[in-house]
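Every letter in the sequence shown is one number past the one before it in our numbering, and letter 204, counting from 1, is 482.
Everything labelled a hint here was simulated from the structure, so no lab data went into it. Mixed in with the good hints, there may be bad ones.
Said to hold, decoys possible - Below, in silico cross-link-like pairs of lysine-lysine (DSBU-like), each with a Cα-Cα straight-line distance of 30 Å or less:
| no. | residue 1 | residue 2 |
| --- | --- | --- |
| 1 | K541 | K389 |
| 2 | K343 | K485 |
| 3 | K541 | K458 |
| 4 | K317 | K389 |
| 5 | K458 | K389 |
| 6 | K343 | K489 |
What the hints assert, rightly or not - Pairwise CB distance ranges (calculated):
| no. | residue 1 | residue 2 | range |
| --- | --- | --- | --- |
| 7 | F526 | A295 | 29 to 37 Å |
| 8 | F305 | V339 | 38 to 46 Å |
| 9 | V339 | R544 | 43 to 51 Å |
By construction, the Cβ of each residue, glycine as well, lies at the ideal position given by its N, Cα and C atoms.
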Amino acid sequence: MNELVIEAGKAGRHYWADLWRYRELFFFLSWRDILVRYKQTVIGVLWALIRPLLIILIGTVIFSKMSDMLFDSRLPCPVLICAATLPWQFFASALSEASNSLINNANLISKIYFPRIIIPASAVIVSFGDLLISLVILAGLMAWYHVWPTWRLVTLPLFTALALFASLGVGLWLSALNVKYRDFRYVIPFIVQFGIFVTPVFFTSSKFHEKHPGPIFQLYDLNPMVAVVDGFRWALGSNAPFNGFSLFTALAVTALLLFTGLKFFRAMEQAFADII
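Let the hints inform the model, and build the full structure from the sequences given.
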């Protein structure tokens, strides 16, 4: 049986090794959150399908008649909206769950030692599980509209990984800030609601570029979910031009968010038990 020895002044040195030692806690928290999320619900995990399905349905009804103005692809409007809704719903859900994860686990944090990063990371993984379940909707729509995958489909896990790391980076920032400044619990829902309007869920980036060239489009590209959504659509066979610079920008922004998020989280971590 392995023993964990906590030595004064050496927590930082052993921190990343502790993550591996506490891997069972990570899996336990993830599984617990999955059970709690759907506990005492009538339809259980079907909520993972219903929520994005409602957004797809509403978006299709409202925007299908304006598809020529908003979309630039041979893919049917429902497939385009679905390919954008699923990664965006994952990102939005991961931010909401991760930002409140430390507060929701205050009792655990104040009682025992473990790398606190496990908590927001497990919250992101739970939302990732919902994404995997909701891919059933995308497969069903593709079959219904006879959209057959090409070799591009093998790139879908890469764009999914980009969304996962972007969610984790922002989630680390928000979870730590939410502990110190409780005002953030009011700001986070606004960020999530506003974010869908600056992400190409109900339009394509190429159409946006036509109407807003120059600096506005460059600011738009700073949103890493732009490249994720464009990548999802491209992987499914969209003929809309894929912006390689947008992908490079998303990779750089995601790496920056993840690096600074880890640094900030680690700097705040020692005070979580006292503040919370």
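Hints versus structure:
no. : hint                      : in the structure
1   : K541 <-> K389             : 24 Å, holds
2   : K343 <-> K485             : 16 Å, holds
3   : K541 <-> K458             : 16 Å, holds
4   : K317 <-> K389             : 25 Å, holds
5   : K458 <-> K389             : 19 Å, holds
6   : K343 <-> K489             : 19 Å, holds
7   : F526 <-> A295: 29 to 37 Å : 33 Å, holds
8   : F305 <-> V339: 38 to 46 Å : 40 Å, holds
9   : V339 <-> R544: 43 to 51 Å : 46 Å, holds
Against the hints set out earlier in the document, no violation occurs for any number.
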